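Number of protein chains: 2
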Amino acid sequence: MQVMKDKKCIVLLSGGLDSTTTLYYAVKNGYKPICLIFDYGQRHKKEINSAIKIANLLGLKYFVVKISLPWKGSSLLDKKMRIPRYVRKRQIPSTYVPARNIIFLSIATSLAEVYKVQYIFYGANQVDFSGYPDCRKEFIKSFEKMINKGTKVGVKGGKVTVVAPLINMTKSEIVKLAVKLGVPLEYTWSCYRGGRKPCGICPTCKLRYKGFKEAGINDPLLV
Amino acid sequence: MQVMKDKKCIVLLSGGLDSTTTLYYAVKNGYKPICLIFDYGQRHKKEINSAIKIANLLGLKYFVVKISLPWKGSSLLDKKMRIPRYVRKRQIPSTYVPARNIIFLSIATSLAEVYKVQYIFYGANQVDFSGYPDCRKEFIKSFEKMINKGTKVGVKGGKVTVVAPLINMTKSEIVKLAVKLGVPLEYTWSCYRGGRKPCGICPTCKLRYKGFKEAGINDPLLV
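Protein sequence lines correspond, in order, to chains A and B. Under this note's numbering, think of the first position of the first sequence as 13, with each following residue one higher. Under this note's numbering, think of the first position of the second sequence as 13, with each following residue one higher.
Bear in mind the hints are in silico, worked out from the structure with no lab data behind them. Wrong hints could be hidden among the right ones.
Note that the list lumps identical chains together, so a pair holds whenever it fits in one copy or between two copies.
Below 30 Å or equal to it, Euclidean Cα-Cα: the simulated DSSO-like pairs (lysine-lysine) are [what the hints assert, rightly or not]:
id : residue 1 : residue 2
1  : Lys65     : Lys161
2  : Lys188    : Lys153
3  : Lys40     : Lys192
4  : Lys153    : Lys225
5  : Lys171    : Lys222
These numbers were taken from a predicted model, which means no experiment stands behind them.
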């Protein structure tokens with residue numbers, strides 16, 4: 013990766029494996045990240061605490077943005093809905109939160125304008141879990157075009173760039189990269205449920221399990 | 013305007029002249045709007061109350077979404093900054109809130125997905141106050157493209173459409189349209205300050221004054 017002159021960046025940090033690996037990747041490449049964490053009414057607060065712990069571990073500035081959406085429409089928000097055990101290929105699961113990542117990236121764009129930051133790091137991945145439309149490269153390109161037309165920085169000749177270093181990696185490649193970068197895997201939280209231990213049966217637990225297994229690495233959360 | 017089969021819509025409602033006229037325009041054209049109101053830390057709450065009053069007057073469903081942005085960067089958010097008295101041509105004023113309308117439209121997109129609504133009405137206007145990059149037609153087209161790539165409804169062959177009926181109108185044309193549609197002008201609030209009466213000196217007060225004057229109509233707020 014080319015090292016840039018202006019090394020400030022924003023990292024969308026959920027405290028999960030992908031976003032934490034993205035954060036460590038940015039640090040490794042000489043960026044000085046501001047972590048952006050969202051409290052948007054998710055089912056459990058455990059991931060917010062994980063994200064804060066990780067930002068503190070690296071001594072990084074972070075912001076927690078609170079959004080109160082008065083509607084649900086996703087099993088990640090609505091405790092009355094069941095989190096699915098299986099997701100069929102080409103199906104968009106009920107854990108999809110309508111337009112969530114678009115909202116997150118828009119808020120990151122606001123922060124980027126205020127703090128004069130060009131780069132937004134986004135841990136999206138289109139390989140192993142392509143059910144989410146907002147995790148595809150095609151969407152990211154389109155989002156970049158839109159913000160550069162709709163912001164002051166864009167029309168004044170500046171630029172906001174969304175960097176998604178994991179976009180084409182498999183989950184096992186992400187696990188290997190995380191280990192190489194020294195990500196504190198024991199601090200990350202991927203499970204859609206917020207118990208003491210990962211539930212092991214939700215789609216993201218299964219995907220994480222598969223990734224660690226294929227990488228030949230033990231998940232410290234399961235020890 | 014062509015009358016559509018699915019007549020539900022979402023209207024971004026700030027309680028100002030433009031968004032209220034947009035709301036009445038939607039109703040006049042047979043739409044059943046859900047009003048979307050934002051409490052995002054603006055300088056005063058008066059516009060939120062105006063918006064709620066207008067939604068109630070029409071007996072419409074509304075949502076107030078609260079967003080806590082832990083940064084400022086705009087004289088509309090930061091009481092320590094001065095609201096400008098003049099805005100030069102081609103200048104983006106300090107009242108520009110970084111990426112605000114992108115965030116609002118993204119949240120409207122989430123509501124559109126959850127409530128299965130195709131149309132988002134947006135009172136943007138590029139003629140009289142083109143300092144804001146997110147009030148231009150070019151931005152709106154680009155935003156539509158992005159959401160139709162990044163949402164479930166978009167990739168499943170549906171569509172979210174942003175309708176901006178005032179986009180090419182002058183302020184005096186908007187005032188005339190408002191009168192024709194029966195907009196309760198005395199309920200609308202445009203002033204960037206939140207006093208008992210409009211301040212008369214902020215850019216939006218001046219623009220409103222000019223619009224009413226050119227339309228030959230008395231502004232009930234100034235009586």
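*When no copy is named, should Lys153 and Lys225 be tagged within, between, both, or neither for a Cα gap of at most 30 Å?*
Neither: 32 Å inside a copy, 45 Å across copies.
*Within a copy, between copies, both or neither: where do Lys171 and Lys222 come within 30 Å Cα-Cα?*
neither (38 Å within a copy, 35 Å between copies)
_Identical-chain pair category, Lys40 with Lys192, by Cα at 30 Å_ = within (10 Å within a copy, 61 Å between copies)
*Classify it for me, Lys188 with Lys153: is the Cα-Cα distance of at most 30 Å met within a copy, between copies, both or neither?*
Result: close within a single copy only, 27 Å intra versus 41 Å inter.
_Reference check for the pair Lys65 and Lys161, CA-CA at most 30 Å: within, between, both, or neither?_
This pair counts as neither: shortest intra-copy Cα distance 36 Å, inter-copy 34 Å.
The structure fails hints 1, 4, 5 (numbered hints given earlier, in ascending order).
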